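Here the protein sequences come in this chain order: Y and L.
Everything in the first sequence is counted per the working numbering, starting at 226 for the first residue and increasing by one.
Everything in the second sequence is counted per the working numbering, starting at 226 for the first residue and increasing by one.
None of these hints come from the bench; they were simulated from the model.
Relax, there's no trap hidden among the hints.
Which copy is meant is left open, because identical chains are indistinguishable; a pair holds if it fits in one copy or across any two.
Calculated pairs, BS3-like style, for lysine-lysine (alpha carbon to alpha carbon, straight line, at most 30 angstroms):
#, residue 1, residue 2
1, K393, K259
2, K465, K509
3, K406, K465
4, K393, K374
5, K393, K465
6, K470, K406
7, K566, K375
8, K509, K470
9, K566, K465
10, K585, K393
Note that this is a predicted model, so its numbers are computed, not measured.
If you want the building blocks of each chain, they are given just below.
Protein chains: 2
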Amino acid sequence: MVNRRNFIKTGTSLALGASIFPSGSRSYRTRNDKLGVALLGLGGYASGQLAPALQETQHCYLAGIVTGTPSKIPEWQEKYDIPDSNVYNYDNFDDIASNDAIDVVYIVTPNALHLPFAVRAAEAGKHVICEKPMEISSDRCREMIAACKKANRKLQIGYRCRYEAHHKQLMQYARNETFGKIKVIDSNFSFYGVNGSNWRFTDPELSGGGPLMDIGIYSLEATRYGSGLDPVSVTAQSYKSIPDKLPGMEESIFWQMEFPDGVVANCGSSYVARSNYVHISTEKGWYRIEPAFSYGGLKGVVNGEPMNIANHNQQAAQMDAFALNIRNNTPILGSGEEGLKDMIYIEGIYEAARSEQKVKF
Amino acid sequence: MVNRRNFIKTGTSLALGASIFPSGSRSYRTRNDKLGVALLGLGGYASGQLAPALQETQHCYLAGIVTGTPSKIPEWQEKYDIPDSNVYNYDNFDDIASNDAIDVVYIVTPNALHLPFAVRAAEAGKHVICEKPMEISSDRCREMIAACKKANRKLQIGYRCRYEAHHKQLMQYARNETFGKIKVIDSNFSFYGVNGSNWRFTDPELSGGGPLMDIGIYSLEATRYGSGLDPVSVTAQSYKSIPDKLPGMEESIFWQMEFPDGVVANCGSSYVARSNYVHISTEKGWYRIEPAFSYGGLKGVVNGEPMNIANHNQQAAQMDAFALNIRNNTPILGSGEEGLKDMIYIEGIYEAARSEQKVKF
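Work out the full structure, taking the sequences as your base and the hints as a guide.
Shown next as structure tokens:
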């Protein structure tokens, strides 16, 4: 990677075709003609996945950070060559409106903070990527969509799997009916997180729910893009075996969905299990991704044979696609509207589990 | 294999330690000191699985046949060296009472015929193996148990997986809590059989139900012996996408079970899908068999590593275990009581699907 600090250190970047960047935003904006992304919320996903992914992107780059934890700033600036002018806290974040170096704000906060930051980002004239789940209620998702629309800014939800090659293969099989019509889908995404101390496991006001909100949403998503259909009804069952953990959240949840054309799905998600797959049965065969929802190492099988699809950086693909959507004003695969739909179905799943009744959409 | 016909042909069996068998039953009874089994119902499972398995058994052997299809008799007699005296039809079957060559009758008829044949076999003084599902209602299962008890005959249900090495490993993990307490079980057994012409797909009066009765019972069984627990409640959802097929039966069914100690299970079975696994998550790990319910080629994985358990003839293991249960008067793993339990749970699953209400046991 060639960046300003490397150039200063080595003096070789002119030979490599780089230019000298004066401090300030415009230089970054034009660096390799990429869109500038600011990460808002520097937790594990931002530091472990998004920042590294932004070193692999072709159409955008890590230009700035927004954080409520000042102690994190020096390391990020050093590691990713971020100038002071592109560093914000949650108080002065709205000043980002005047910073041309930042085109996109990627919101990586706890779920219930997505809306206020998305509104502020859009009002500051920035395009928005919002991590999944989009928010903690469908009403708040609608507000987010409205705010971005009003500001004429684009909105992407962090649905990395929609941009991943194995999952895109599922979409293609569905579209082409490669193995006939889809009949039954099974999917489960679970991990043993019941003892976690993160807000996802301890603070229902921030998380909006348990494993369904956090990881079950991947299975929900996979049934939708894997079938090309939206569910028409859902039943669900919620369980708890360790009463003093996961306050106000489910521990395990199963849900079943009916789609048009008689397609059905059975899904599960749990913080006391280990499962990570989507399995699709069609008239003429079956295919599966397992692991399906990890950041890498996905394995696809079709009728017992390997799919032989290469893994790649999912978040880089997702962010590059959004950058091109912005550049070319093209439709967004993981749009706010898809995020809203998922939240409507999640609310339906929770309602079905609570009432022990089928919920229709 | 050394049998009478081979001996006659080759003249070598004396050298191999065999004796010359006069025609008639006693000679067969004492052949290698094995118990004599008569197969009742010579369909695909009897011809494709049980008869071959009986060539591998150590403690029992294929001594006789009972069939309603006379045209099948010559081939069976020829292939398996079965004397005329050990061949019965459904009219003269009760004469088997006087045939000492037959110790066990293995009933391999359509489900709704299990009870009457089991009663007749027991009343004829024979021990009974009854293929799964045990019958089409719990009341009929109770009648079968009572009939065998009254005749002081032993009863085994054809639960081959309970005698299979991978599945026995599941039982051991549960018993020893090798990976801590079990938390969540997923299992599905499905195949694309919606277009089948067999009674299983066309005659609900014989089958008593659809895929749940036929193959879903394997998943139900696996949750029970895999946890060492019996369910306390069930929810279920039944679906149909091809209205003119599978008369009076479900096409796909999902069901969820709560067990003591907070163990939960999510299962499925379908005639329009392809799935064949049991996946168990515990406090400290996970393990899976997939394929789980095939006659061979089972593969076990524990925490991502192969179980490295050899496949073996499941039906031979099952029948040999029963022969030893008879010899030694020991408890039967796949007992009639287990068959009854499964039928009670299956009735609960159907009731839960019909009523869309949780059913408690």
